[in-house]
Amino acid sequence: MTNPMIRIHNVETDEVIDREMNAAELNQHKKDLADLAKIEKDVATATTAKEALLTKLGITANEATLLLS
Amino acid sequence: MTNPTSNFGWQMPTPTDLVTDLPADFEVFGQAVDTSMADLKGGTTGQILSKATNADMDFTWITNDVGDITAVNVTSPITGGGSSGAVTIGVNAASTSASGVVQLSDSTSTTSSVLASTPTATKAAYDLANAAIAKSTVTTAGDIIYRNATVPTRLGIGTAGQVLTVNSGATAPEWAAASSGGMTLISTTTLSGLSTSVTVASNTYKNLVAYIYGAGTASANFNFNCRINSITASTYLYQQRTGQTGGAIVNTAGDTSAIDLNNPGYIAVKGADTDNAWNVTFWDCNSTNRKIVTVNGSYKGGDSTNTIMTNQVSVRDATSAITNITVISNTSLTGGTIQLYGVK
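Residue numbers (numbering that gives the first Met the number 0), protein chains in the order written: chain A, 0 to 68; chain B, 0 to 343.
Among these hints, one or two may not hold up.
Simulated coverage check for chain B against chain A, where a stretch passes if three residues somewhere in it have a Cβ under 8 Å from a Cβ of chain A [claimed, not checked]:
hint, region
1, 62-70
2, 89-100
3, 182-188
4, 321-334
Residues on chain B that point at chain A, a partial pick, calculated with CB under 8 Å [what the hints assert, rightly or not]:
hint, residue
5, V197
6, G253
7, S256
FYI, nobody ran anything at the bench for these hints, they're computed from the structure. Ideal Cβ positions, reconstructed from N, Cα and C, are used throughout, including at glycine.
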C-alpha cells in the first residue's frame with residue numbers, strides 16, 4: 000500500500016516534487032485526522048445536546064436566538 | 000629799595016631831592032600808586048577780583064561763582080537737585096517708555112522688559128545662534144534639511160510622486176521614484192494530494208498573499224487547512240473564525256495545529272464542487288514578530304445546501320520569517336490552485 004501523495008513546490012528553483020508522504024508526514028496526517036474527528040464529534044455532541052434542549056424547552060433554534068438576544 | 004620801585008615803577012623822592020620838592024614828588028608817587036590800584040576800587044559784597052587782561056594790575060570785580068556749584072538743575076531720568084543746602088539727586092528706573100537706570104542680568108530666559116542683558120547673556124545667546132542651522136540653508140518651499148558628513152545641508156524638494164529614500168551609499172537621503180508597489184505573482188502551484196507546499200525562502204516581501212481557488216476532490220467532501228513553515232504544534236493562537244453555517248454564525252477561538260480554511264466540525268468543503276476561493280494573507284512575513292494571518296473565503300458546503308463564507312484571524316506565535324506555506328486537506332485533492340503573491 001502506498002502512502003498518500005503530497006506536492007512540494009520550491010519557488011526559488013521552480014521545482015515541483017510529487018512524492019509519497021514520509022513516515023513523519025503520515026503520522027502527522029493521521030494525527031490531523033484524529034484531531035478533526037474529535038472536533039467533529041465535539042460539534043456533533045454539542046449539536047445533539049442543543050437540539051435536545053430545544054426540544055425539551057419546546058422552542059426552535061430561531062426562538063432560542065431571539066430569547067438570548 | 001630801588002627807585003623807581005622794582006615791581007610797579009613808582010617814582011619816589013631821592014636823597015638828593017630838595018625838601019621843597021618833596022610835596023611834588025609825593026604827588027607823583029601817590030598818583031602813580033592811585034593809578035596802579037584803580038582796579039581794586041569798587042566791587043560789592045562777595046565779589047572777587049578777576050584779571051581783566053594779561054596787563055599788570057588790570058582787574059575787575061566779578062561775582063564769586065567761578066569754579067563753584069551754585070545750583071543742580073536736573074531733568075528726567077535724574078531727579079532731585081536744588082540751589083541751596085544739601086542737594087540730593089536720584090535716577091528713575093528705566094522702562095520701555097522712559098530712559099533711566101537698569102539692572103543687568105545674565106539670564107537668557109527671563110521675559111523681563113526692564114532688565115538689561117550682560118555680555119555673558121549676550122554671548123550665551125550668540126553661541127546658541129551661532130550653533131543653529133542657518134535659515135538660509137533652505138531656499139524653496141518643501142526643502143528639507145539633513146546632515147551630511149559634517150554639517151546640516153539642504154535637500155531640495157523632489158518632484159511629484161517621488162518618495163524619500165536613502166542613497167545607495169547609505170550616507171544621505173534622496174528623492175526617488177516610488178517603487179511600483181502592488182502585488183507580484185511569485186508562483187502558481189496546482190494543488191495535489193493531501194498536502195501542497197510552497198517554499199518561499201529568502202523572499203523580500205512585506206506580506207504574502209495566497210489566493211487559493213478551485214480546490215476539489217474526486218467526490219468526497221474535505222476539510223481544508225494551512226500551515227506556516229510546516230509547524231504542526233498547536234501554536235496557531237487566538238484563531239477566531241466566523242462562518243455562515245446554515246444560517247448561524249459560528250465563532251470559535253483557541254489554539255489549533257493549523258489555520259482552518261473552512262469550519263471543521265460544522266461544514267466541510269464540498270469535494271465535487273470547485274466553486275470556492277480563499278484569500279489568505281500572511282502579514283509582515285519576514286519580521287520576527289508574531290505572524291497575523293487573515294483568511295477570507297467562500298466555498299460550497301458539503302451539505303450541498305449552504306454556501307459558506309468564512310473570515311478569520313489567526314496569530315502564529317513564531318518569531319521566524321515565513322519560508323513555507325502548506326495547504327493540507329484530509330482528502331486528496333484532484334484540483335485547485337494556489338497563487339502566491341508578494342506585496343512590498
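Results for each hint:
1. 62-70: violated (count 0)
2. 89-100: violated (count 0)
3. 182-188: Per the Cβ count (3), the hint holds.
4. 321-334: Result for this restraint: holds, n = 3.
5. V197: Cβ of V197 of chain B sits 5 Å from chain A, so the hint holds.
6. G253: 10 Å, violated
7. S256: 6 Å, holds
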